Amino acid sequence: QRREAALRQLAVRLAQEVRNRGQEAVLEALPAFERRVVHKALEHEPGVTTYSEGEEPDRRVVIAPAD
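Numbering (this note's numbering), first residue to last: 5 to 71.
Hints are computed from structural coordinates only; laboratory data are not their basis. Since the structure is predicted, the reported quantities are computational estimates derived from the model, not experimental observations. We treat Cβ as the ideally placed atom computed from N, Cα and C, and that holds for glycine. Where hints are given, some of them may not hold.
For lysine to any residue, the following SDA-like pairs were computed, each having C-alpha atoms within a straight-line distance of at most 25 Å [to be verified]:
| id | residue 1 | residue 2 |
| --- | --- | --- |
| 1 | K44 | N24 |
| 2 | K44 | R17 |
| 3 | K44 | R64 |
| 4 | K44 | R12 |
| 5 | K44 | A68 |
| 6 | K44 | E8 |
| 7 | K44 | V66 |
| 8 | K44 | R25 |
| 9 | K44 | R6 |
| 10 | K44 | A10 |
Have a look at the derived ranges for each label pair, beta carbon to beta carbon [unchecked claim]:
| id | residue 1 | residue 2 | range |
| --- | --- | --- | --- |
| 11 | R6 | D71 | 31 to 39 Å |
| 12 | G58 | R25 | 16 to 24 Å |
| 13 | E59 | E28 | 14 to 22 Å |
Using the sequences provided together with the hints, build the complete structure.
Structure, rendered in structure tokens:
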């Protein structure tokens with residue numbers, strides 16, 4: 005649960021940076037469960053969108069400015 009909380013905090017902080025800079029942020033490779041935590045943490049966050057890219061086990065979450 006601490007890992008989940010840390011991931012949520014990281015996601016929100018990176019979302020703020022993405023909004024400020026207008027550039028994507030790419031997280032380290034994460035397992036599916038942890039990627040889902042990041043996606044869920046930011047699903048209602050204004051100004052950003054998330055998606056996963058790459059192949060397992062190196063699949064990463066990208067936080068990008070919303071169109």
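Can you tell me whether the CB distance of R6 to D71 sits inside 31 to 39 Å? Holds - the Cβ-Cβ distance for R6 and D71, about 34 Å, lies within 31 to 39 Å.
Would the pair K44 and R6 pass a check requiring their Cα atoms to be no farther apart than 25 Å? The hint holds at about 16 Å.
Would you mind confirming whether the straight-line C-alpha gap from K44 to A10 stays at or under 25 Å? Holds, because 14 Å separates the two Cα atoms, which is no more than 25 Å.
Check whether the Cα positions of K44 and R25 lie no farther apart than 25 Å. Roughly 22 Å separates the two Cα atoms, so the pair holds.
Can the restraint linking K44 and V66 be considered satisfied, given a maximum Cα separation of 25 Å? Given pair K44, V66 holds - Cα atoms ~13 Å apart, limit 25 Å.
Holds or violated: are the alpha carbons of K44 and R17 at most 25 Å from each other? Since the Cα atoms of K44 and R17 sit roughly 14 Å apart, the hinted pair holds (cutoff 25 Å).
Would you check the hint for K44 and R12, treating anything up to 25 Å between C-alpha atoms as holding? The given pair, whose Cα atoms are some 9 Å apart, holds under the 25 Å limit.
Is K44 within 25 Å of N24, Cα to Cα? holds (21 Å)
Within 25 Å, alpha carbon to alpha carbon, are K44 and R64? holds (15 Å)
25 Å Cα cutoff - pair K44, E8: holds (11 Å)
Hint check for R25 and G58 - Cβ pair distance inside 16 to 24 Å: holds (22 Å)
Restraint status (C-alpha distance of K44 to A68 at most 25 Å): With a Cα-Cα distance of about 15 Å, the restraint between K44 and A68 holds, given a limit of 25 Å.
Checked against the numbered hints listed earlier, the structure breaks none of them; every hint is satisfied.
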